[in-house]
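Q: Now for the letters of each chain:
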Amino acid sequence: MAGAKQRFIGRSVQRLEDRPLVTGAGRFAADISFPDQLHMRVVRSAYAHARILALRTDEAAALPGVHAVWTAADVAHIPPIDFRLTKVAGLEPYRQHVLATDRLRYVGEPVAAVFAESAYLAEDAAELVTIEVEELPPLLDARGEPQEFADGLSTEAAVVRKGYGDVDEAFRAAHAVVELDLAIGRHSGVPMETRGAIARHDRPRDLLELFGAAKVPHWNRDRIARMLGREASSVQLYEGHVGGGFGVRGELYPEDVLVCAAALAFARPVKWIEDRREHLIATNHSRQQAHRARAAIDADGRILAIDDAFFHDQGAYLRTHAVTVPDLAAAMLPGPYRVPAYRAAGRVRLTNKTPCGTYRAPGRFESTFVRERLLDAIAARLNLDPIEARRRNLIAPSEMPYRRNLDTLGTEVVLDSGDYAGLLDKTLAHLGWPALQQRLAQRRAAGECVGAGLAMFVEKSGLGPRDNVRISVDGDGAVEVVTGAASVGQGIETAVAQICADALGVDYANIRVVHGQTDRIDFGMGAFASRVTVMTGEATRIAAENLRAKAIAAAAELLQAPAERLDVIDGRVVRTDQTDGPSMTLGELARALAGSGETNTGLCADGWFHSDHMAYPYGVHVAVVAVDRATGGVAIERYVVAYDIGRAVNPMLIDGQIVGGVLQGLAGTLYEDFRYDERGEPLCVTFADYLLPTAREAPAVDVIICEDAPSPLNALGLKGAGEGGANAVGAAVAAAIDAALGLPGAVTELPVTPQRLREMLRRTRSNPSS
Amino acid sequence: MSGKRDIVLNVNGRDHAIRVEPRRTLVDAIREDCGLTGTHIGCEHGVCGACTVLVDGGPVRACLMFAVQADGKAIRTVEGLASGDELTVLQRAFMEHHGLQCGFCTPGFLMLVTGVLEREPDIGDDELIDVLASNLCRCTGYQNIIKAVRAAARELRAGA
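Chains Y and H supply the protein sequences, listed in that same order. Using our numbering, the letters of the first sequence map in sequence onto residues 1 to 770. Using our numbering, the letters of the second sequence map in sequence onto residues 1 to 160.
In short, the hints are calculated from the structure, not lab data.
In silico SDA-like links for lysine to any residue, alpha-carbon gap of 25 Å or less:
#1 H/Lys73 x H/Gly84
#2 Y/Lys5 x Y/Ala509
#3 H/Lys4 x Y/Gly65
#4 H/Lys147 x Y/Thr694
#5 H/Lys147 x Y/Leu692
#6 H/Lys4 x Y/Phe34
#7 H/Lys147 x Y/Val703
#8 Y/Lys550 x Y/Asp567
#9 H/Lys4 x H/Asp15
#10 Y/Lys87 x Y/Gly163
#11 H/Lys147 x Y/Pro20
#12 H/Lys4 x Y/Asp124
#13 H/Lys147 x Y/Ala700
#14 H/Lys147 x Y/Glu697
#15 H/Lys4 x Y/His67
#16 H/Lys73 x H/Thr88
#17 H/Lys4 x Y/Ser33
#18 H/Lys4 x Y/Pro64
#19 H/Lys147 x Y/Arg696
#20 Y/Lys5 x Y/Pro582
#21 H/Lys147 x Y/Arg11
#22 Y/Lys550 x Y/Gly571
#23 H/Lys147 x Y/Ala25
#24 H/Lys147 x Y/Ser12
#25 Y/Lys87 x Y/Arg404
#26 H/Lys147 x H/Glu118
#27 Y/Lys87 x Y/Thr101
#28 H/Lys147 x Y/Arg638
#29 H/Lys4 x Y/Glu59
Just chain Y, with the same shape it has in the complex:
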């Protein structure tokens, strides 16, 4: 009998990624250099809204060491950057050109590009480029009257409408209606590594190569090729180490296209590394929305209908995400609750600020805040416990799969599995909820300003429609998994290796996972929307099963043994019915199969996974906060996240995703806010103004990972884990602050800055009866 098979799925094994990263051997974008490279510096608009009258580049171009200075005229042949997701007809005029043509629409917009022998020189020269403009009044509030974006085009680019049922009738018949005006501030991913792009043209092979790729290398490859009039196969993108993604990195930006065009034009490598100020004004912002949300309820607090009208502050252009964020906000707003009739209208408004895209839990951080504020308002209106108000509305396990009658990202929203009330019970039991509430009440009675808040949510993950993985074993028995997915630091090498290890029968540590290289695999969807573990993970399992079957079939012949008596254990094909029977290593099999003359030679196999629907993980957040009445500061005393993700491949990594997500959510709830003055000048252009939380602000987080509702959509039951940590922080902390102040519904706007909080405290004092 062969030895027991080692299992890797479900274990918190150490990451395969770590060693180079702790020894300084990582290769991030800025670490890549080529001989004879030019350095690009982008000259950016200093005006929020202006018409360009004259652009003078001669002084910059004359500086020794400057190779060229480009303006829009030099890139007139390059079309604007196209949409990747959530296209809606008629949006094309709102796309961004790689360099501004005649109008400047936000501070930070690329106007010219300087190419020089060193980064220092390029920066010197960029300062010599002068722009003469006629300033135009900036549009800074998405809630105001739309203006003219261009001739005959409104700054209201689109209205995202979703809904079902007779909403008006539900409101007419309602026992009561709650109505809230809510706003979410402007913040974003802000990874620690800024963006970077290094392009070179390999002239002998006529191959355009771009380094510093991330997130969606294959889509970007195809798009760059089309924009520059090349065949897709003559452009290759390479992902190195990636210093955080969170939605913003890896989308196709003007700078990526500029370095490629320049490398072709100058026949020299061109390197661009973004500085932090640029990052804060040029890389996608996110989140900013203002909602007017109404809920119609019956006498027991059951929701009859929700009607939400919101303004989405998109910034100056529609970038690659088109209307993805407002679309997701509208589609995901109903969350875990039964909502018999629903209507959402999201007005996508262009303003003279940095363009927006996705940021971890895009549209859901926003709409969870709105929905959970509504649930709290329903509870307050009927004098119900907020938990009870939720219980009365949760979708039951018996109703799964639950068809929402809504769609987003090209798929119908069908909640695949879940026991929402069960997870709520687990969370409350973990906290000892009644005793906790009692202690908090005692502390409030003693004069402390403390409270607990809870929020529930449904996430989405595993966006299809397909993924492809190729696995091969070389003559030394080394296993290589090649995927078109991408890594943004989340640990995909480890998770994919664990899945491959179990399906194939090898040690995860002997598996090399190759990702983000367009020349290694034809198809790839990249890493976004918590899709990799689900889509790439399942494709990996299928490919590994195929490879295992191939290995066993070949070994059966070579070992003269029945295939059903063979298994692969620790990289060796062995007989399951004999202790010392004949066996072969996968490396020996690979050597035997190499050049065997069959159509699919060698020990390798492909796996394709197709999925028309997303998998929906769900969770509960609980925050316990203490408010400092003097400063308006909020301290997080305790934070709990319970998250059901179907099947946990590596609990340590999932815990890391959730804890990191919580702090990002907390940042947008309390600290981070891209503010602008009345002229549209951004006020947060350094880390002294844009307040990333430090270890001092970061709370300990209790993470409860549950596997009660595996997804029926894939064999392992996987759901993605990347975004649940951020999703409900705004909602839970808002409820906790309300409770601390004894003022239901006090928090209507994020972030809850000390100024806003002190304003609420003044309201409490002036109205002591509340």
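Assemble chain H onto chain Y, guided by the hints.
A: Here is chain H on its own, set in the frame of chain Y:
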């Protein structure tokens, strides 16, 4: 620009004779002129700490120091921590406690903590949080960094 200066940067015990403009930052010199790209640039205004290196034993933000100011001083970077394949206690602790995700801020944290633990091996848990609050991480939410650093401090004290 004024003329270039000849300086010697001693990095991880090895001398690098380089010629730099006076305005060249230490971090650019370490990365571009000495070829040691393990030290990262996160903000170039001294807030994030990704570029932290040790200069004469103390943590320094290499984006806020000019290379000429480090002439002749002993500089240590992340590449100098491990000896061969053998990682330091702190490096191991970061791996064991999942103290990194994307890993971009990690070299800065490793150098910051290495410098502090060498000078103050008995530093208290709460003071350690103050130290860690000098640098920014965007992935981890800091909890696993805190765990890793506390574990390393304990192990180093036990081994001392």
